[in-house]
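Respectively, the protein sequence lines represent chains B and R.
Take the position in the first sequence, starting the count at 1, then add 11; the result is the number in the working numbering.
Take the position in the second sequence, starting the count at 1, then add 23; the result is the number in the working numbering.
Rather than coming from a laboratory, the hints here were simulated on the basis of the structure.
Do not rely on the hints blindly, as some may be mistaken.
Stated by the list, open to error - Over 10 angstroms on every C-beta distance to chain B, these chain R residues come out as not near it, computed from the model:
| hint | residue |
| --- | --- |
| 1 | Leu-82 |
| 2 | Leu-88 |
| 3 | Glu-104 |
| 4 | Glu-133 |
Stated by the list, open to error - If we take Cβ atoms under 8 angstroms as the criterion, some of the chain B residues that face chain R in the derived model are:
| hint | residue |
| --- | --- |
| 5 | Arg-35 |
| 6 | Ala-38 |
| 7 | Ala-46 |
| 8 | Ala-53 |
| 9 | Gly-59 |
| 10 | Val-99 |
| 11 | Ser-106 |
| 12 | Glu-152 |
| 13 | Tyr-224 |
| 14 | Leu-363 |
All residues carry an ideal CB built from backbone N, CA and C; glycine is no exception.
The chain contents come next:
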Amino acid sequence: MTINQTIYERGKTAGIFPSLSSRRDEAYVGFIEDARNLLMHAQQKPIGEYSRSLLQDAGKSMETDPKSSAEAQELLMKDSVLKTYYRVKRSLQESFWECILNSFNMKKNELLQALDDAEKIGPGSVSYDPDYAVADYTKREIHLQPGGYVNEPLAGFIYDYGLKVFMGGSADNDAAHKGLASTAGAPKDGQVSRILDLGCSAGGTITALKNIYPDAEAWGIDVSAAMVRYAHLRAAEQNVDIHFKQMHAEELDFEDNSFDIVTATLLFHELPVSMAKKVIAEALRVLRPGGSFTIFDFPSANKQDVYGMFFGEMDALDNVEPYIPEYVRSNVEEVMDDTGFEMFPYDPSKGLLIGRIGTKPEN
Amino acid sequence: MTNKKNNGLEYVKDLPGYDRGYPIYFENELVDHLISIVLELGAELWVVKDRLAHLEEILSENNKLSLADLQTGKPSELLQEKLDEERQQLVKRIYGRLYSKYGGDVAESEGAL
Ligand SMILES: C[S@@+](CC[C@H](N)C(=O)[O-])C[C@H]1O[C@@H](n2cnc3c(N)ncnc32)[C@H](O)[C@@H]1O
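Can you make the complete structure from the sequences, with help from the hints?
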């Protein structure tokens, strides 16, 4: 059994996933990616400075308490340039997802067939249950992705292509994931025989980790059947041996003390805070003493001023990120610490994504 | 449909962004529509420019044109590089001015990380 190669008849994009169905769609999405790079990413620093100066000129508090936040939001959203920024962001976001969805739907049967075919081949494996009771809070159209992760059978293909556009090319060939994985925490004794990635999505992080620890047994879990099916296809195509399984991260179907490394990339800002706490407790449970847990995600609470908070909160409404406002106000490091992890010191100002590393105490 | 895993999470339904909705940013919602339209037209203009350049490349190399080449083929790497450059310039030239108030029009394009 091999995977039907017609899904790659227009080649691969970003080195990994099937290209869109037509040159027209590719050109369209290329335009949006450039527009996002210039009109969103490149503006982040200058628009941040501009917004902070608006707040300071108006004598507003830069603290992150709810009152200051509400005042900041009210003031900033009166400004026509900021309105434009958020309008542009929303419009670009809607357009590119729609194009990707329509484009992959043109070869829906072939793509679904490829997912079926992949189940019969290795390396690695995939398991999921079509009747699995998926928690409602995960069924949102996060970052406006049509159908979200769980309600669209082609979600894996769509997400992977979308991530390329989102990241403005910095995730091509899994470059971003390889970079993150190379900084993930590891046990001091160097013993790594089993690794796990939570909310693995298309599997970029666990693939990169498996390449760092080729002898370890690798697992990726995700609540979405569509995502684990796709992740398996993607890993098998790259000849990387990983087991993917549909599972809630807050209810892991693994034994206590059974992993050396656990990671979660960009999962936490997509969880209600009460769930995030459960996930951290589960990570602690399944790690063996001395095992290491790394959470890669956006900065949270105490590291931000009111503008940083505002920026995160706008994402909720504009971009269907309902849990980001809670997330940016929570304190991920503190929760890890309170749950029982020994925290590794790190520099929170380093980059858009922060790696928080905790070790399970020896006794 | 609620399920047991949502115990204690009923509040999430009231969070902003729980549903995708139709946010409007300007007092006059026509401005919202106009910005969307202008971006969409830019994308469609680019699609045509891309198609034309691809068409010219095919014609100049071998007098024979097939529709399939245009629809599902890809331009040469050399042309692709030129197009990437041209597309970035076009975006910057047309839309950069939206942020001229704080100097964002001269920002250099960059990825997320
Ligand atoms: C932004 S993606 C993660 C990206 C991925 N880790 C990577 O390295 O590219 C978030 C993923 O988390 C999954 N997810 C959300 N809530 C979950 C939960 N409670 N348990 C397991 N997976 C969850 C979603 O289905 C989605 O695939």
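The hints, checked one at a time:
no. : hint    : verdict
1   : Leu-82  : holds, 16 angstroms
2   : Leu-88  : holds, 14 angstroms
3   : Glu-104 : holds, 12 angstroms
4   : Glu-133 : violated, 5 angstroms
5   : Arg-35  : holds, 6 angstroms
6   : Ala-38  : holds, 4 angstroms
7   : Ala-46  : holds, 5 angstroms
8   : Ala-53  : holds, 4 angstroms
9   : Gly-59  : violated, 10 angstroms
10  : Val-99  : holds, 6 angstroms
11  : Ser-106 : holds, 6 angstroms
12  : Glu-152 : holds, 5 angstroms
13  : Tyr-224 : violated, 23 angstroms
14  : Leu-363 : holds, 6 angstroms
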